[in-house]
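Please model the entire structure based on the sequences and the hints provided.
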Amino acid sequence: MIPTASLSWFAGHEFTLAWRDWVTLMSGGRKLRDRAILIGMGVFALAMHGFAYFVLKGTFASLQGIDVGLLVMISASLILTFTMMLSQAMEQITRAFYSRDDLDLILSSPAPAQDLFTVRIVMMALTTALMSALMVAPFINVAVALGGVQWLAGYGVVIAVSGVATGVAVLLTLLLFHSVGAKRTRLIAQIMAAIVGASFIIGLQVVAIVSYGSISRFSVINSDALSTSAPAVESLWWLPAHAATGNLSALFISMLVAGLFFAVATRAGANAFQKTVLEALSVSVDKVSQTSAKSPFQIRSKHSALMHKELMLLSRDPWLVSQTLMQILYLIPPALLLWVKYGETASLSVILAPVIVMAVGQLAGGLAWLTISGEDAPDLVATAPVRPIALLGAKVSAVLVLVMTLVTPLVFGIALMSVWGAAMTFLGALLAASCAILIQLWFRAQSKRSNFRRRQVASKASTFCEAFASISCALTAAVAAMGSFAVVVPALLVVLVMGIAWLLSPR
Amino acid sequence: MANAPHALEIKDLHKTFVEPAVDGLSLTITAGEFYALLGPNGAGKTTTLRMVAGLLNKDAGNIKVCGIDAGLEPIAAKQVMAWVPDEPLIYDKLTPMEYLAFVAGLWGMNADVAKLKAVKLLTQFGLGAHADERCQGFSKGMRQKVALAGALIHDPKLIILDEPLTGLDAGSARQVKSVLRNLVSQGVTVIMTTHILEVAERMADRIGVIAKGRLIAQGTLQELRETSGDTGKSLEDIFLEIVKDSSEESATRLEQGEEANAA
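As they're listed, the protein sequences go chains E and H.
Each step along the first sequence adds one to the number in our numbering, with nothing skipped, and position 462 is 501.
Each step along the second sequence adds one to the number in our numbering, with nothing skipped, and position 205 is 1580.
Simulated from the structure, these hints should not be mistaken for laboratory data.
Remember, predicted model here, so these are calculated numbers, not experimental data.
For glycine and all other residues, C-beta sits at the position ideal for the given N, C-alpha and C.
Careful: at least some of the hints might be erroneous.
Said to hold, decoys possible - Selected chain E positions facing chain H (in silico; Cβ < 8 Å):
1) K96
2) L352
3) K499
Stated by the list, open to error - Result set (DSSO-like, lysine-lysine): computed pairs, CA atoms no more than 30 Å apart in a straight line:
4) H:K1495 to H:K1587
5) E:K314 to E:K96
6) E:K341 to H:K1532
7) E:K314 to H:K1532
8) H:K1495 to E:K341
So, in structure tokens, the structure goes:
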């Protein structure tokens, strides 16, 4: 008789899954050989080390010992790493609760579920640490090269931070389950994960802009005001930062505290996991009644039937809409920067136009993916007696209708200050939406709507093209709103970006 | 049936992915026939039917649906045809009524007629009580029935079903079979792939067997029995025999080819 799964065997299984998931993430789902992945990783690591050297060279050249300024910088980096890890861990835990992939198998097997879930949580902490280490390791390595081997302690701190982040994520998700129930936890946890991931960077940038008129977060971190108001070097607040500098007792305490916290959280999580998973899985079989005074059967053309379907599906998926709207969060800092820098000299329409246009570009990209690539019943649509061009036309119209519905009130608001500015904002938004839609059309690949968050991984080229197109459209709108003939330059940039996108698109 | 119009005519159809999936397949199905397409896994059944439904481009050959050349007039061909895939792909966020309204819209149906038909179909499939619930919590059987209702709402002349009974409970399977039988009695042509040979044996007017992308046997059950030389044989025995013969034949051909190459 074969004994039931041992923990090490299950850990090996989890590691294989994590590795393959990571490879898919890195390769965008394409079949790449391990050698190609290793070469890619090598090039990335080299570039990151170069960047780390560029950032740390000055700091180490002027380093006089461990002072508050250095501790502030390290602590800020650790908080940033923590928020990224927390966001990633929350994401992983939500997926583990709600994805049915292998939960049926695990829960129906004779292996003790509690032990298996313990391994799963430990693996989440390790993958979280590994993913962050990819970004952090070059900085630690360069610090070792410039400042000595004591900086290797940074790796220990990364592991400790990952343990704390995963522990917090486990407890937070369980708390959500108890407070808002299994049904709402998924949406709230995913929104929280996105906000947590973005909040620290955005927060620092907002403070930097308001206080120093610069978008760089280093303005805050390196500021005298922060150094003078910060606690003294010996304060316990700096314990993790001291640990990262190679202070062995600080490292030991940090790792011990983090380890204990992680153990407690893992234990609590593993105990509650089975019950929580069962609750989470039952969410999918809950009935959602949809009663409407309006009959779904109305005299409609094929075009409007398709458009109606797209709009209805979007309106019924708050998770997808929230994920799309989340991208707009990142526009807060540049909007604020424009306001701080040019608020007194330029008219408000010149400041608002690029921000709105940029937001529209991002929003339209997400919506266009959902309608064009994210089709859940591709066979039905493909076998319908509708010309493919008419199908695409309906989907594109749905995106444009939605985007323009959101933009129009803003444009009317701007029109109260400047009709010209409002017109340019509207045209810019239309241009940005059209560019985003075209890019989605060129790069379209059939997928389930639930894969929305992986769309950027599937085609990095389209993601970059989308971003550059939005930026150049925003620039065009801003210059046009000023009424300058120089608008030709950013307009040509739009054409150039779209040309490159077309050349890069698969045929 | 010799002079009856053809619901489907396939001539010398070819499709190659890495290896030929459909290799010169020709097939004619008469209007009002219940045709079962059998074959081992990877024989080319689904590929053939996906090309007929317009979901896959053919490399060569001709497909005519109710006399309409599907290559030249794909929209007209799609108008008279319905496709039900093995995996019921429907929208989780729509209710069955909304799904049917969407399908009716795509096929350009009159809204009032479509509404009456939708209510009738959902009741017939035992989904009346779930008509206004979103499909996200539905079992595979319920989803399959919604997809089937979607295929029937626009009164197609030809229905192509890929493994329609997989995952259905006995009651649901009986409902589906009864609906299909009724359709055939009303003159609708049904083409179905299945691995459940008893279903083909009991329901089909004619049975076709595909292996390695070619039609290797075709006829009524009686004709297939006569060809096999034993009128008492079950379809399962006949099918396994035909498929085995076909693999042995290709193995012999392969060996002969290798020998010829060696020589």
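Do the hints match the structure? See the list:
For K96 (chain E), the shortest C-beta to C-beta distance to chain H is roughly 53 Å, which exceeds 8 Å, and the interface hint is violated. At its closest, the beta carbon of L352 (chain E) sits 5 Å from a beta carbon of chain H; the interface hint therefore holds under the 8 Å criterion. With a least beta-carbon distance of about 27 Å to chain H, the hint placing K499 (chain E) at the interface is violated under the 8 Å criterion. Of the pairs offered as hints, the one joining K1495 (chain H) and K1587 (chain H) is violated, with about 41 Å between alpha carbons and a cut-off of 30 Å exceeded.
Our distance criterion of 30 Å between C-alpha atoms is broken by K314 (chain E) and K96 (chain E), whose separation comes to about 51 Å. A hinted pair counts as satisfied when its Cα atoms are at most 30 Å apart, and K341 (chain E) with K1532 (chain H) qualifies at roughly 20 Å. The suggested pairing of K314 (chain E) with K1532 (chain H) is violated, with an alpha-carbon distance near 51 Å, which exceeds 30 Å. For the proposed pair K1495 (chain H) and K341 (chain E), the alpha carbon gap of about 23 Å is at most 30 Å, so the pair holds.
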